[in-house]
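> Here is how the chains run, residue by residue.
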Amino acid sequence: MKTSEVLNSLQFSHTIRRLCYQLIENHNDFSNSALIGLQPNGIYVTNRIKKELENICQKEILTGSLDITFFRDDFRRKDTPLIPSVTNLDFSVENKKVVLIDDVLFTGRTVRSGLDAIMTFGRPSKVELLTLIERRFSHHIPIRADYIGKSIDTIESERVTVNWEEVDGLDQVILHTPEEK
Amino acid sequence: MKDLSVDNLLGIKQLNENDINIIFETADSFKRVINRPIRKVPTLRDITIANLFFENSTRTKLSFELAQKRLSADIINFSAGSSSLKKGETLIDTVNNILSMKVDIVVMRHPLPGAHQFLSRHIDAKIINAGDGTHEHPTQALLDCYSIRERLGSLKGKKVVIVGDIMHSRVALSNIFALQKLGAKVMVCGPTTLIPKYISQIGVLVENNLKKALEWCDVANMLRIQLERQDISYFPSLREYKTLYGLSKPMLDKINKDIIVMHPGPINRGVEITSEVADSSNSIILDQVENGVAIRMAIIYLLSSKINRI
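Here the protein sequences come in this chain order: G and D. Sequential numbering of the first sequence, starting at 389, is according to the numbering used here. Sequential numbering of the second sequence, starting at 4, is according to the numbering used here.
For the record, the hints were derived by calculation from the structure and aren't laboratory data. Here a beta-carbon is modelled for each residue, glycine too, at the ideal position from N, C-alpha and C. Just so you know, nobody snuck in bad clues.
Listed next, the stretches of chain D that the computed footprint assigns to chain G, with coverage defined by at least 3 CB atoms under 8 Å from CB atoms of chain G:
1. 34 to 41
2. 301 to 309
Derived contacts from chain D toward chain G, CB cut-off under 10 Å, selection only:
3. E28
4. T29
5. D31
6. I50
7. L74
Calculated lysine-lysine pairs in the BS3-like style (CA-CA distance at most 30 Å, straight line):
8. K5(D) <-> K466(G)
9. K438(G) <-> K34(D)
10. K184(D) <-> K466(G)
11. K214(D) <-> K252(D)
12. K466(G) <-> K309(D)
13. K43(D) <-> K485(G)
14. K34(D) <-> K485(G)
15. K214(D) <-> K257(D)
16. K16(D) <-> K34(D)
17. K34(D) <-> K514(G)
18. K215(D) <-> K16(D)
19. K215(D) <-> K200(D)
20. K200(D) <-> K214(D)
21. K514(G) <-> K447(G)
22. K466(G) <-> K105(D)
23. K16(D) <-> K466(G)
24. K34(D) <-> K466(G)
25. K43(D) <-> K466(G)
26. K162(D) <-> K16(D)
27. K184(D) <-> K215(D)
28. K43(D) <-> K514(G)
Chain G on its own, in the form it takes in the complex (with noise of 0.2 Å):
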């Protein structure tokens, strides 16, 4: 397996910034919307941009985490069963701008899985995407980022991993290529 760093660890945190100053443009105080990350690792982008929109807007924005499980499509599909993570929200979303947020956009499932999971939440005015990575050309279904950190064109058997400071000790994110025979 061949492997090559798509962002190293300044780029990182100058995409999380960019990111974070388009957020603002469309949600100016972020008073009526969410930032909710879908698990298992929606969350260390969520947290990270949360972190650094207060550090920006010295003020409190709303997040949560969601747990899509029983909405996806490929149960009875996997050897083992699906085994759910924690939901985390302690408001309704009804009438908020909610920012779905993942770490990779690949096939577009696990947002379709969001977005149907969201909904039993409340009825949002709106629902956006964020995504630090997106695989371009790989989804599956028409499923399409509001807000992208880096866009990458990547074949089916690679593999992309976000590797965050407070748990590998860098942030980094990595393409790994397998060898051609």
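Here the structure of chain G is known, so what remains is to put chain D in place on it, guided by the hints.
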């Protein structure tokens, strides 16, 4: 691997500690689902479940039905009173007829102990035991243990006394198995006539004095006196039973510690437990009912995920 070791839920006896913990963790998620504004998920939209109740049931049947509907499964109901059983059809024939309508899961209550075990050898559908005679009632035991875990954090080392008619109670046997697998200490308490002779051989303490049992325990599970299963008299009168084994507020006050009071329902108010106790802050009876739906959703979800993986 986070997967159940069994393909059917025939009884607690066949489960291991890991299975029970997977069920509890999954139930945690479902408990959050049923407290959302929209309490339904689409997960089982292509699964069909038959509820076969060969014996009367109100709350277990309602709880199962609600759990299935919350998971978006299609369901068909059957109760013995209105069936062809009276025309002489055998159990296997009845069930096979229903299965030929393409049913994936069978939830069954049957008056004969072991009916589920027998059926599981003859049919392909997943089977969930909703009570078999005086043998087991696994979903009740799981929701009881789940409710204790919710209050006390863990069951390891906790002391639980089961009071009442142990002899005729499938709730008692399933509870004993589940509690022991989760590391709790179990005592049974009741008149000697209602305690099976060899129960101490499965590591259960036996006590005839309710006050002593209450002083020992952290949790008291008060069973219903099953008048319908008592073809002969096991105690002289209901009044005497109430005096010796009924749980009342003055008795709770006397033992000088806070214990959790449970009851699988339906309650004979004023017999095994007074209204004052049933409605007190010690009682988690209504939590048990709510948790029942979450636990049954978890079991159905986990067993469904084993059906013909696509």
